[in-house]
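Asker: One letter stands for each residue in the lines below.
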Amino acid sequence: MSGQPTLERGSAAGDLLPVVTRERGQRQVFCGLAGIVWLHRKIQDAFFLVIGSRTCAHLLQSAAGVMIFAEPRFATAILHERDLAGLADCNAELDRVVAEVLERRPDIGTLFLVGSCPSEVIKLDLAKAAERLSGVYSGRVRILDYSASGLETTFTQGEDACLKALVPELPQLPSGERSLLVLGTLPDVVEDQFARLFAELGIGPVHFLPPRRTTAFPPLGSGTKILLAQPFLGETARACEARGARLLSAPYPFGIEGTLGWLRAATEAWGVTGEVLDAVTAPAIARAQRGLAHHRESLEGKRISFLPDSQLEIPLARFLQRECGMELVEVGTPFLDRQLMAEEMRLLPEGVRLTEGQDLERQLDRLRADRPDLTVCGLGLANPLESEGLRTKWSIELVFTPVHGFDQAADLAELFARPLRRAALLRV
Amino acid sequence: MQLTLWTYEGPPHIGAMRVVASMQGVHLVLHAPQGDTYADLLFTMIERRGTRPPVSYTTFQARELGSDTAELVKNCVGEAFERFKPRVLLVGEACTAELIQDQPGALARGMGLPVPVLSLELPAYARKECWGANETFYQLVRGLLKPRVPEAGRHPEPRPADRCPRANLLGPTALGFRCRDDVEEVTRLLASVGVDVHVVAPLGATPEDLLRIPEADFNVCLYPETADQTCLWLERMFGQPTVKTVPIGIGATRDFLDEVGRIAGIDVTDAKSPISSRMPWYSRSVDSTYLTGKRVFIFADATHAVAAARMCAEELGFMVVGIGTYAREFARDVRECAKRYGVEPLITDDYLEVEKRAAELQPELMLGTQMERHIAKRLGIPCAVISAPVHVQDFPARYAPQMGFEGANVMFDTWVHPLMMGLEEHLITMFREDFEFHDAATPSHLGSRVGASRPTEAGSQAVAESADSPMQADASTIIWAAEAEQELKKIPFFVRGKARRNTERFAAEQGIQTITVETLYDAKAHFGR
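Each protein sequence line maps, in turn, to chains S and L. Sequential numbering from 0 applies to the first sequence in numbering that gives the first Met the number 0. Sequential numbering from 0 applies to the second sequence in numbering that gives the first Met the number 0.
Isolated chain L, as found in the complex (with noise of 0.2 angstroms):
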């Protein structure tokens, strides 16, 4: 057993759900207690989806144990078929239906249904989400794509002369961090060195699109975590190469270019520094200086975790103590990253290990997941989050990329704002002494921020309520009586002082001398409309 607040993934059904909730035309029969149709909720509140995944749950409750469960799984699957005509049906159970032992997969496949019936083997006792969505997708590819393996020893046939280099980008899924957008600017990036890019899978793909995937002349392995099995088969079988630089951060962009150009023997020269590339100069810039050395601590996917350490270190000046990841099957990448700059790798998915080692470090900036929002906010450390598991808001409206130069554009922006910003911080060295700008004072942007420098609540209800002067002699005039007084601190903070402004405002407009706490609801069901 392992005690969690908070976990970095869930089970490996939820990594199978991002594959088929990425793609169209594959649906999921998942063969699971109520309660387990939670996970919807993730895509379409987290991610903010418009349609629910397509999967489909058996939904078995403790008077079907043992009697009739595989019966409903036969159902689920004959009613999902039916009703949503999928051209891929995937099978596979969550933890409680492993141990029940059904064996949905193999009663799928008995039902003769016209379509390819993949059975997914999730164990979800020793594997988490990450693996769960390589797997997966590697399922998905090996399953269609077996069948049209070419004999051992045939290579592919040479690009003819006229033709454009292609490139498969293998790896984006739903609830990946900014996916979507790295789609886009990738494709822009490799467009900008002449090469098309054929197949974008599992994000946008159809069953179809799979089977176009061999058509291409490479693979780039845009996340490892959920792509690099298949892109290892497809290397083996199909003798693609793939490009494993991911390209994020200035130097990652250029050395993504040059391995590009490398396997598709074209010159990458001129794409290198495009003039939408700001983030150089910026970083250049007097303001930066002040970025000088910042303690960073960086826990991530590991894809995310080492292309940041980098630009930490080379692009932005900061100074890596810390770097970790939960992803333990990408571990080994951590730990030499951890090498290069001197600090100890932390490779936990304990999330009560990552707090500890923050509160040790005590670092300036925390670069991380939605769990390290949580540390940082407990720690009063500023925060930016750079890798899933995320939030709504990490699912922004406008175009925020991570990969190619604009993503280094938008990570400057992101990293820095949590951060004071360069000449406050100067004004605070030089005026040490000064009365508004010492240690302790809360930056301009962080209003809210929590720590020592936060006001306390009665300190910042005396100040609104001085710079209310004009309801100052009216309201001065009018008693709180003690209980009502004790009422209005059960209201939540954030609403109580302009509970107690309308109460008051209420109470001189009746000629009310004392506010009771019938004043209170009174003046409430006055002004709550």
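If we strip away everything but chain S, and leave its shape as in the complex, we get (with noise of 0.2 angstroms):
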């Protein structure tokens, strides 16, 4: 808690970059491991074993204890005294434990060991278990390893580790072939209406990571061109291009232009013209422009405010700004990759406030001085910011929710526009 924040300059270049407001303090926000909650419903045979403590048992059932309808594919070895004691008591341990997973759920294609802050403490070795465990289950499950503590990463990032851990599993690319790669968890209705889109657009091979199942790991090589679906996966883009891939640069696709702007990007690289983009584009630009239309008038001029959480709070932000004309009070945003937020800075207006990382409290200071129309917030705020007579919107439910694309654009828009419409509707 250093007290008074630190300012930066927007940029070397001296353009019209933002400029940043660092905080740090008490922070609001999930660790990595909340990730595992909607990563487990996209990779169907994929289980999610956290070594941990008893909070983050915890914290997983409570993240995901409205969510899940079945039996979730996730667990927690939970280490006790004993385990502490020794560390070679402890990889037995984990083997014993691992075994009655596996013994529970043979149809386990892929067997993550996800690291905690406890286990990263005492320094647990899981990739060396991962490894060893590789060795003893080879052929029939594969076992992986990746840290998802709240030392290390918050809430989203989780999915960056867990994808960076995929990376090296993927097939090579024979060089000389070339394909799009979509990195980031997307619901599959959504997938499917992007992998139509591309190839309308004539773009392909594509293949999305992490895919439905990890039987069908995509190929990857200096042919590759990686699109970002989310805008939190730097570690796993970086882990990519080191493998010769290729980051295209674009906005992300949340509303019409950022949709347009992230598919046009992936045409210039295949060398598509603008009017094939164009032509292909245009009947579902025009439904969504039907669809935002009648949001729109909700949510123009309303004011409203990012705590940081999820890290699509830029993207977000932009789309409710430029396409459903909200004002934008502050933007919180955990962590800021200015690499892979360059495009969408350039759409945010001049002088916006935009914080990175968080002090709890002063934050909550500016926002009931602000007192903007919806506050975007974690799920342990947002009743404490109702009941002061703010309405709130869950940040939680934009990572769950099909909002990709252009015909989720109006959906986006309707998640915000509905607290509005309610308090408007409520007369209790």
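The set of hints was computed from the structure by calculation and includes no laboratory data. Mixed in with the good hints, there may be bad ones.
As a list, the in silico SDA-like pairs of lysine to any residue whose alpha-carbon atoms are at most 25 angstroms apart [what the hints assert, rightly or not]:
no., chain 1, residue 1, chain 2, residue 2
1, L, K355, S, D44
2, L, K355, S, P282
3, L, K497, S, P282
4, S, K301, S, D44
5, L, K355, S, H39
Just so you have them, the derived chain S footprint on chain L, three or more residues with Cβ under 8 angstroms [said to hold, decoys possible]:
no., region
6, 91-101
7, 280-294
8, 513-521
A virtual CB, placed ideally from N, CA and C, is assigned to each residue, including glycine.
Bring the two chains, given one by one in their own frames, into a single complex with the hints.
Answerer: Structure, rendered in structure tokens:
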């Protein structure tokens, strides 16, 4: 808690990038373990075994509690006092727990050993464990590891760590061949929409990471162009680049503008003309415009603040400001990757208040002074803010709901319009 | 290491949070990494509280390890004190902080704050949530009252003849099961025999209230899981007797009144059968005959499990086929109870073991926690929740206590509802061969019950569509392209029927013969507002 925030100038090039205020203090953000909650729904033959404390198990349960209707494909190996005593013992314990999991779920194709704060502090070597166990189960189950500890990752960075762990597993794309790889967990319906658009544009082959099943890993090589569907996958993108792939610079596919810009980056890489892009996307854009028009009415001129949570804040703020006419009061992000956010930052209005990191109490002070019409925040804060008369939107919903692409643009706007509509409706 | 899918209890610092979140004027500084702040949502989302729990987290990160985490603690304590001005400050650490051994309690005490600073030892790798709540409450009461403990051998002064007996209600906390309503019900119950409630703690109490605890004549240990240590200590140090019966169920409520009467020296006869107590008659009524011998499996905290078993056996005529608890500290009570009903007790905090036992027993009703709700759903067994851990639906808007006579009424309703109604069950037995009343028919009130009786998705869709006869003529001329049909299947099942009908209506209006994926999304854009 360093007290005074530090100011940082936009960029060396001196263009009109917004000034970022950095804060350090109490944070109200999930740790990377929370990513398991959507990753295990997406990768249907994967199982996530967290090696951690009772707190980790409780966190996963609380974060996922509302959403899990079937038996989860995740679990926690809870460390006890005797595990902390000697590390040799710990590995034997881990082997036993893994055997238990695999016996219970013989359908598992890939098992992730997920590191946590305590396993990191006691320096439990999960990479080694994964290697050892891979030998034991070779040919049957793939065993990988990554860390999603709160010491290293916030919320959505857990997905980044997980996908990065997959990169070395991807088969080599033969040289001379090219492919498009879309990074980031997308609901199946959105993935299919994008796949159709790419096909119509003549771009292909197109692969998605994470895949629905780990038996269908996409190939990767120097002919691979990467598009990020989610803005929090910097590490994964860099790991792909290290294998020769090239990251396409683009805004993120939220709203019409973002989706079009995102597709354009691919068409340019494939040498597809602007005319083709326009022709292919025109019907979807027209639909999206019709859908958006309705919500724009309730959003236009309304003031919105984002508390830092999912790293989706900047692209969403851009969409709400440019396509829905909202006014940005403060845009907080837990972590700002300037390279991945470059295209988005250019689209933000001049003078926007952009904060990185968090000092919760000070941020809440500002929020109370600003009194925006809508605040995007985590689950722990929503009800207390509502009780202060501030309308809120849970940021976690934006990670689970299909919100990417043209056909979801109106759905995305609706997520923000609904709390406002409700506020206008209620007489209690 | 222990493998868990779900857990019954959080770590001990969650127990500490339950105590401080229950109180006013107390603040907890928790040395914990970023991410541990998830705990706030238990209170604000699951319990639907309008305020954040009074907890400040140090939220340390990897780059700070080994350098300035101690400084972080001091800053956090200082800022929390300045901002929240608590009258008592508690300092504790979560599991990761325990490993890095900063001793935040000692650091905070060294800061010379002008209020009591209590340091909590919450061993995260050995203990759990209920223990943490019990310990925190005990440390708070002991920390504040220690200077006031009378000399050994000095007995409390007898109650003046002209003053009502006074009782403290100890143990209700945030995130407990129906604590708020239980406090109201027990207060009413005590008033009916002329006993005043003096202090309720921790729920709603201030540090000053805790200082007034010794002024009461006796303590009611309402939730032993959180208050038994405190009650024991008060009994030892201040000579305050403890009422140990927990008034859950008709019989237990009468026993509770008897115990209060004995300790307070008052007559309780008239209060033991109030007209508000409808449960005994409902249970005797002929419609309840079908409840006889229903096989029930109970798994909960010890207090609610033991109380539920007695109600099942004595007040509802069920058969207890299994009982267990996740609260190891109170395992003895549950073992004794199991012996009374001739069943094998299950003492475990392993959700998978409970699931296994439930699958073996195949009970007709499960009484348990949110976890048993998951288990029961998976196994297709009716279930009612009787204990923490709970979910948002277990904090109902209406008054729904578990304790006292009204509590028994509430439980009659909530335990019987998941079962088939008496008449319905009779009919099924009587018309066993009838096509409508067969064993596999879904009970009338459980439209979406999981199990063998659940209609297939295709079946229900066919029904939904044939019911939609006005659309039939138009829809029959419209064809779904295979790709569009595939796309439709990706839409969640609970809105798929609506999407299908809307798309067909849209196609009919537009004169479209073949529904393509484009049509599907055009219709979505058309209706989607």
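Asker: Evaluate each hint against the coordinates.
Answerer: Structure-based check of each hint:
1. L/K355 x S/D44: 24 angstroms, holds
2. L/K355 x S/P282: Given pair L/K355, S/P282 is violated - Cα atoms ~54 angstroms apart, limit 25 angstroms.
3. L/K497 x S/P282: It holds: about 24 angstroms lies between the C-alpha atoms, which stays within 25 angstroms.
4. S/K301 x S/D44: 43 angstroms, violated
5. L/K355 x S/H39: Within the cut-off at roughly 24 angstroms; holds.
6. 91-101: The restraint on the region 91-101 of chain L holds, since 5 of its residues have a Cβ under 8 angstroms from chain S and three suffice.
7. 280-294: It is violated: at least three residues are needed, and the region 280-294 of chain L offers just 0 whose Cβ sits closer than 8 angstroms to chain S.
8. 513-521: Answer holds; 4 residues pass the 8 angstroms Cβ test.
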